[in-house]
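Here's the letter readout for the chains.
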Amino acid sequence: SQQGEEDPQALSIQEGENATMNCSYKTSINNLQWYRQNSGRGLVHLILIRSNEREKHSGRLRVTLDTSKKSSSLLITASRAADTASYFCATGGGFAGSQGNLIFGKGTKLSVKP
Amino acid sequence: GAGVSQSPRYKVAKRGQDVALRCDPISGHVSLFWYQQALGQGPEFLTYFQNEAQLDKSGLPSDRFFAERPEGSVSTLKIQRTQQEDSAVYLCASTFSRGNNEQFFGPGTRLTVL
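First to last, the protein sequences are chains A and B.
Numbering-wise (our numbering), the first sequence opens with residue 1 and increments by one.
Numbering-wise (our numbering), the second sequence opens with residue 115 and increments by one.
FYI, nobody ran anything at the bench for these hints, they're computed from the structure.
All residues carry an ideal CB built from backbone N, CA and C; glycine is no exception.
Check the hints yourself; a few may be wrong.
[What the hints assert, rightly or not] Which residues of chain B face chain A? A few of them, derived with a C-beta cut under 7 Å, are:
| no. | residue |
| --- | --- |
| 1 | GLY156 |
| 2 | PRO157 |
| 3 | PHE219 |
With the hints as constraints, model all of the structure from the sequences given.
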């Protein structure tokens with residue numbers, strides 16, 4: 001079974017706009033990760049935020065984490081057509097996420113129109 | 115510096131056939147994971163190896179699924195007597211150490227059972 005949900009399920013924006021995707025999860029975590037998947041490159045790790053962090057930046061990506069609400073958001077600024085992909089959040093399996101396997105949400109399908 | 119490789123990339127099987135899917139993890143990576151991804155869904159955990167030891171196989175959907183990693187490197191996922199519901203993309207991922215860290219994914223094997 002999947003850990004949680006991303007929303008929206010699908011998002012369509014114009015190049016240059018910002019895209020925000022949200023993720024909710026169910027159990028306690030050590031960290032939360034975001035991955036991107038497109039047909040060309042498979043599933044690629046984007047960013048990891050630890051449970052004691054509230055915000056993290058990497059290039060055009062900004063991730064927030066609210067452990068009290070069990071939710072995270074991924075913001076992509078100044079989007080490009082190449083950002084078109086599905087985005088998944090993932091948390092750790094096992095007790096408090098310590099096991100190692102990842103539990104993924106259903107993903108947000110982002111389409112960036114040139 | 116090769117990443118995770120999987121073969122074959124595509125496999126078409128007739129219902130009832132046995133299939134074997136191969137994963138070559140990144141050299142030196144201790145942990146290896148198999149996931150199943152149905153169309154439009156996020157990946158779901160199947161099984162986990164640390165070196166040659168299969169530490170968790172709780173995600174394998176039935177006893178028709180079997181995985182091995184005899185020398186702690188290459189892994190094979192075998193599905194016996196394939197059924198139509200086995201049609202999915204099978205993803206392999208590896209990490210350097212145990213624990214809930216960034217995972218490096220292969221391109222996947224798309225299995226279609228007719």
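Cross-check of the supplied hints:
no.: 1; hint: GLY156; result: holds (3 Å)
no.: 2; hint: PRO157; result: holds (5 Å)
no.: 3; hint: PHE219; result: holds (4 Å)
Against the hints set out earlier in the document, no violation occurs for any number.
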